[in-house]
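Going line by line, the protein sequences match chains Y, E, C and X.
Using the numbering used here, the first residue of the first sequence is number 17, and each one after it goes up by one.
Using the numbering used here, the first residue of the second sequence is number 17, and each one after it goes up by one.
Using the numbering used here, the first residue of the third sequence is number 17, and each one after it goes up by one.
Using the numbering used here, the first residue of the fourth sequence is number 17, and each one after it goes up by one.
Treat the hints with care, since some could be wrong.
One copy or two, either will do: identical chains are not told apart, so a pair holds if it fits within one copy or between any two.
What the hints assert, rightly or not - Below, computed lysine-lysine pairings styled on DSS-like, alpha-carbon distance capped at 30 Å: (1) K176 <-> K234; (2) K244 <-> K291; (3) K43 <-> K65; (4) K234 <-> K278; (5) K291 <-> K278; (6) K244 <-> K278; (7) K353 <-> K234; (8) K353 <-> K43; (9) K234 <-> K354; (10) K291 <-> K354; (11) K291 <-> K353.
Keep in mind the hints are simulated off the structure, nothing from the lab.
There are 4 protein chains.
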Amino acid sequence: MSDLFNWMRAIRREIHRQPELGFNEHKTAALIAAKLAELGIEFRTGIAKTGVVGFIGTHGPAVALRADMDALPVTECTGLLFASETDGIMHACGHDGHVAIVLGAAYLLKKDPPKGRAVFIFQPNEEGSGGAKPMIEEGVLDGIDAIFAGHLDPRYNVGKIILTPGVNTAYTNGFDVEITGLSGHAARPHEAIDAVVIACSMVMQIQTIVSRGVDPLKPAVITIGEIKGGTVNNVIAEHVILRGTIRTLDDVTRQLIFERLKTLASSFAAMHGAKIDVRIHNGYPPLINHPVQFETAREAAGGDNVVILPTSSMGGEDFAFFLEKIPGCFIRLGARKKGHEQYPLHSPRFDFDEEAMKTAAEFMARAVRIEIDRLAAAAG
Amino acid sequence: MSDLFNWMRAIRREIHRQPELGFNEHKTAALIAAKLAELGIEFRTGIAKTGVVGFIGTHGPAVALRADMDALPVTECTGLLFASETDGIMHACGHDGHVAIVLGAAYLLKKDPPKGRAVFIFQPNEEGSGGAKPMIEEGVLDGIDAIFAGHLDPRYNVGKIILTPGVNTAYTNGFDVEITGLSGHAARPHEAIDAVVIACSMVMQIQTIVSRGVDPLKPAVITIGEIKGGTVNNVIAEHVILRGTIRTLDDVTRQLIFERLKTLASSFAAMHGAKIDVRIHNGYPPLINHPVQFETAREAAGGDNVVILPTSSMGGEDFAFFLEKIPGCFIRLGARKKGHEQYPLHSPRFDFDEEAMKTAAEFMARAVRIEIDRLAAAAG
Amino acid sequence: MSDLFNWMRAIRREIHRQPELGFNEHKTAALIAAKLAELGIEFRTGIAKTGVVGFIGTHGPAVALRADMDALPVTECTGLLFASETDGIMHACGHDGHVAIVLGAAYLLKKDPPKGRAVFIFQPNEEGSGGAKPMIEEGVLDGIDAIFAGHLDPRYNVGKIILTPGVNTAYTNGFDVEITGLSGHAARPHEAIDAVVIACSMVMQIQTIVSRGVDPLKPAVITIGEIKGGTVNNVIAEHVILRGTIRTLDDVTRQLIFERLKTLASSFAAMHGAKIDVRIHNGYPPLINHPVQFETAREAAGGDNVVILPTSSMGGEDFAFFLEKIPGCFIRLGARKKGHEQYPLHSPRFDFDEEAMKTAAEFMARAVRIEIDRLAAAAG
Amino acid sequence: MSDLFNWMRAIRREIHRQPELGFNEHKTAALIAAKLAELGIEFRTGIAKTGVVGFIGTHGPAVALRADMDALPVTECTGLLFASETDGIMHACGHDGHVAIVLGAAYLLKKDPPKGRAVFIFQPNEEGSGGAKPMIEEGVLDGIDAIFAGHLDPRYNVGKIILTPGVNTAYTNGFDVEITGLSGHAARPHEAIDAVVIACSMVMQIQTIVSRGVDPLKPAVITIGEIKGGTVNNVIAEHVILRGTIRTLDDVTRQLIFERLKTLASSFAAMHGAKIDVRIHNGYPPLINHPVQFETAREAAGGDNVVILPTSSMGGEDFAFFLEKIPGCFIRLGARKKGHEQYPLHSPRFDFDEEAMKTAAEFMARAVRIEIDRLAAAAG
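Please build the complete structure, drawing on both the sequences and the hints.
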């Protein structure tokens with residue numbers, strides 16, 4: 017087993033060192049392909065651009081494991097020996113670990129094959145506009161009976177398997193607000209329309225959507241992750257762009273926020289004689305776990321390790337699209353790094369305890385076996 | 017004369033096509049050198065990095081003309097045939113015209129030399145941290161008795177010479193505000209410190225410095241020309257930087273704004289548990305015209321063309337440093353483009369009537385002659 | 017029965033016409049006393065200033081019903097024939113109906129006495145600093161076995177009985193923020209410290225506590241219901257007072273909001289050289305329904321009428337203090353006014369369907385009987 | 017002379033003790049009438065409601081002195097023995113002193129009558145909607161050749177006479193912004209439209225009119241002196257009213273601010289679904305001193321005492337209407353209280369050195385004599 021751990025750790029660290037943004041996971045895909053080949057597992061590459069799928073078995077019930085592959089445009093500040101070698105890109109969401117975990121599960125399942133088919137889906141672009149949908153469109157779910165995916169979670173100790181019945185992640189919609197004022201000399205603001213002041217006014221007003229506009233019992237988040245405007249200190253900025261994300265758990269609140277954002281923009285445009293465009297992007301639906309695979313996951317975890325988290329997270333997960341098509345369950349995998357200050361997912365200081373990968377790979381392999389047996393029994 | 021105009025226009029357009037930022041005016045300097053050589057005027061290059069100085073005459077009173085050479089980091093939107101070929105850089109402040117004007121004056125003075133020395137100072141980096149000071153430190157004013165500089169002004173018709181007695185431009189101080197919060201997952205704002213919201217709060221609060229903190233009879237401008245923060249829509253931004261400029265006409269107001277900015281920053285840092293650094297840059301002092309050269313300029317302009325503007329502008333001018341050393345006058349040169357919508361200086365749509373360059377070159381040459389004669393008479 | 021309805025309606029309308037603020041419910045108390053006397057029910061007055069308690073029966077299990085008596089400082093805009101005759105005070109929370117309902121239940125229980133004791137608690141000052149605590153301190157719960165209270169709810173149809181298991185209302189804490197700047201002449205803001213601008217800056221910044229500071233999965237509300245500052249348009253305001261309320265469902269979020277409010281205030285004080293005091297008042301704890309009385313209420317309602325509302329409201333309820341001492345249940349009573357636009361509780365246009373009072377009185381009487389029988393059986 | 021000082025001081029203190037708001041100066045008017053009667057000076061009362069006019073002389077040139085009589089709705093915090101006995105009203109602008117000064121001048125001119133007519137105009141309601149206009153409409157300026165008015169100024173030492181050529185005070189326009197949202201329960205912000213948050217957003221956005229919208233070389237002040245909204249902490253406010261004043265020195269800036277305020281209001285109304293009314297009140301025009309009476313004042317002051325203040329104040333003065341009709345001059349009278357912290361006009365702590373009244377009365381009497389002599393010489 018410690019061989020497996022060393023193998024997985026090397027994979028994780030190599031991916032961590034060379035993080036790639038969504039749909040550009042070329043080196044990552046090549047590494048995955050090489051490792052599947054090493055294990056003697058059949059695979060296809062180039063699915064949804066950079067996706068890879070591996071296959072074990074030829075008949076019987078088919079159960080898939082999915083790992084996401086992409087990194088984030090975050091500048092790493094961990095100081096790790098295997099820290100990102102690409103400036104401005106980092107595996108700050110643990111997808112490097114996810115790849116290693118599913119490869120680890122493949123290792124175990126290859127060694128001792130289940131009584132059916134196991135499929136390993138390595139999905140690109142979970143953080144961006146989504147890689148699940150195009151993979152589904154290219155048929156990766158055809159013939160698959162159930163699917164599982166895991167996500168490392170630094171808030172829980174290694175070994176803990178965190179399960180949420182039903183709704184597990186939020187609606188997520190990216191949005192851009194593009195403000196066009198009128199540039200001019202910094203010393204003559206009255207001849208210009210200052211896009212920086214309009215942008216900042218809007219950001220402050222956007223806070224009131226969550227604080228006053230939304231039912232306080234309906235969770236909602238509006239984060240503006242990026243603001244960019246102007247080119248130099250002594251010219252009034254003509255353009256500012258805000259890029260953000262909206263998280264909600266119900267469609268009514270979601271639509272209300274869309275409406276408010278648009279009304280806010282048109283009102284600020286009228287107020288200042290500016291042009292303000294709001295673009296709300298299609299995002300991910302809520303991820304809804306299926307009760308049967310929830311039970312499979314609970315069983316695979318074993319009693320003491322299970323933590324039931326009754327409420328959804330506000331995070332988004334592209335895996336939601338898979339669960340719209342076939343039954344399955346999303347699982348959080350405890351990964352707290354003991355003795356260290358723990359930074360949250362997406363933080364430039366994020367890291368996790370690599371031991372978590374071993375437990376997780378074992379858990380995932382176990383879940384596949386249980387689910388295949390269950391399906392076979394049901395079919396039988 | 018139309019030969020001169022064509023010559024100047026070609027120079028202006030070539031410079032306009034290849035704008036260069038402060039201290040990088042290499043092609044511009046080479047062009048100036050070539051043109052001075054063409055006129056048979058002696059010159060030195062490489063002063064204060066990219067500055068050029070030309071000389072006519074060997075004895076008698078010495079009068080200088082100064083032109084600034086640098087462009088701005090602005091993306092041109094004029095649609096001119098000779099628009100900037102360098103993305104993100106533009107002669108949006110008319111310095112291309114200033115170079116052509118002083119070369120035009122050199123042309124005229126070379127043809128019909130004055131009874132003394134004429135010096136042509138081509139100064140780099142007026143828009144940035146300043147090129148006047150290093151030029152002075154390298155001795156360009158040594159032995160010079162008086163100096164004039166002009167600036168195209170799109171608010172007045174071609175031929176108008178706009179003069180302000182005494183204080184003519186403002187104190188100008190650039191500043192940066194760097195906000196460091198704590199990055200984190202967009203869906204978990206409570207675990208992060210959102211630098212975007214802090215930055216926008218600060219920008220709104222900064223407005224109250226001018227609207228409430230400053231004596232309303234003391235003009236003051238605080239422009240934030242640039243705001244940059246975050247890397248992606250779904251990660252809470254750890255860093256935001258604001259870059260701006262402060263314009264004032266008196267030192268009390270200036271110091272008060274410095275103090276308020278710093279207090280504001282430290283208070284917001286305490287409020288949000290963030291780190292906020294304020295850096296206020298050394299800028300330009302107010303430009304103060306000398307009464308004698310003011311009269312020379314008025315005489316050179318001729319009665320009907322003079323517009324006396326009694327109040328200072330809020331613009332800054334590096335030329336102020338020259339006038340701290342020797343007497344002189346700063347002159348605005350009418351350059352409104354008839355039949356077009358006129359955009360202000362620093363606008364990405366700024367342009368001027370090229371006819372203004374001819375009138376301005378003649379005016380500048382005339383001012384040099386009058387001043388040399390006046391100095392000679394005084395010395396006599 | 018229609019006699020009872022007419023009797024209750026007259027009571028409700030008389031109270032509605034003469035609303036009284038917390039601890040000033042003198043006329044209301046006198047009316048209650050007169051009606052209890054009319055029914056031949058013993059009572060005590062002057063409990064917790066203006067509270068009244070009526071008693072039926074002398075031995076056996078004791079079950080109480082509680083009604084709140086006070087009105088709100090709201091100016092009524094209903095246009096009702098029996099609208100408030102006291103300017104600026106209104107029964108905008110339906111407490112007029114609550115008194116009528118408990119008197120109606122008393123009427124029914126007096127007519128056909130239960131096999132135990134029924135107690136009718138008319139409590140002052142639910143909306144203000146609380147009347148439950150002083151009533152408890154004066155012993156109103158001594159010897160009582162269980163307690164019920166109802167609240168009219170305009171979001172549900174008449175006849176519906178709305179029940180929430182466990183936590184039913186929120187922590188509620190009033191707060192004041194008192195800002196002291198420095199007054200001065202409206203034309204010389206630089207000589208003053210403008211408390212209006214500070215107050216408004218704070219209100220905007222307070223929005224970020226809910227939008228950014230609090231876990232989005234932990235419901236929280238900060239409402240500033242009142243803002244008052246300045247005396248005249250042409251003098252800069254020295255004082256502004258904000259009065260608000262904080263609603264939370266967990267103590268961690270509650271304490272975090274307290275901390276943030278205080279930090280925000282001290283930071284704004286430092287920023288502007290002002291004095292800012294924050295006073296957070298002791299409020300109500302969450303109201304937690306007891307499972308046994310929850311079942312009694314469900315039984316009294318009868319199957320079809322019950323609506324189970326699984327999540328707590330963000331409203332506060334002084335009744336929480338009673339349930340800290342003895343078991344009981346809080347019940348929402350459907351009261352939508354059909355064919356009218358329905359305004360929420362606390363609105364100056366709030367009204368309810370008076371038919372709701374009849375159904376509610378019958379339900380309350382039934383709940384008392386069921387609970388007494390249950391207690392008797394348990395004791396037996 | 018010390019008798020005169022004691023007499024004036026007693027008058028000032030009696031008026032200070034019983035301040036009265038505009039058009040309600042009944043006791044003040046009665047006191048003025050009594051004092052004029054005591055001096056044997058003819059007078060008329062009831063002009064423009066509470067105005068009083070006294071007359072000396074029957075023929076020859078006529079010169080008037082004007083004092084304003086009204087107090088401000090400010091709560092006095094001076095701790096003076098003769099502090100206001102009326103809660104919430106205070107002579108915070110020195111009008112108590114102005115009345116005493118003009119009565120003192122009347123005393124001196126009665127004792128030693130000038131060679132013409134002296135008229136003493138005691139004008140109501142300078143701080144509010146204006147008393148000058150109705151007094152003019154009732155004919156108080158008929159037959160008057162010139163007029164002077166003084167204002168105590170705590171920024172200058174006693175004895176100093178401060179004169180401004182030309183424009184001396186600003187355009188002043190009061191305004192109200194009335195915001196109507198939708199009231200509701202404090203715990204359910206999503207069902208209401210929170211007028212407090214809208215009001216505060218507007219106040220912050222109004223700051224940008226001065227900081228960004230107005231030419232920085234054109235002085236402008238927008239002060240919101242009063243904000244009032246809501247009735248209780250736990251009900252969302254339906255109404256908030258802002259009351260403010262706009263000060264400008266040119267009509268273009270004034271109209272721009274009017275437009276911006278209205279656009280801002282309509283945009284915020286659209287943004288939040290609220291109703292927002294802006295009412296801009298007719299105010300005072302700029303006060304423009306006439307050159308001839310400026311010279312009279314300078315002569316009356318005597319060389320060393322004169323301070324020439326070249327720029328206008330941002331204060332407003334109802335006296336502007338008198339100077340639209342007849343020539344005259346407005347004079348500031350040094351009144352700094354030595355050895356005390358000096359608070360500005362309109363401050364609840366404002367006080368002045370009473371010695372200033374003596375010097376001022378002598379100066380005013382002298383100005384009347386000089387002006388009458390000048391007019392007689394001119395007529396002669």
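Hint check results:
no., hint, result
1, K176 <-> K234, "both (28 Å within a copy, 23 Å between copies)"
2, K244 <-> K291, "both (16 Å within a copy, 20 Å between copies)"
3, K43 <-> K65, "within (13 Å within a copy, 45 Å between copies)"
4, K234 <-> K278, "both (20 Å within a copy, 27 Å between copies)"
5, K291 <-> K278, "both (12 Å within a copy, 19 Å between copies)"
6, K244 <-> K278, "both (20 Å within a copy, 23 Å between copies)"
7, K353 <-> K234, "between (32 Å within a copy, 26 Å between copies)"
8, K353 <-> K43, "within (27 Å within a copy, 56 Å between copies)"
9, K234 <-> K354, "between (34 Å within a copy, 27 Å between copies)"
10, K291 <-> K354, "between (51 Å within a copy, 27 Å between copies)"
11, K291 <-> K353, "between (48 Å within a copy, 26 Å between copies)"
Violation of the numbered hints given earlier is absent; every hint is satisfied by the structure.
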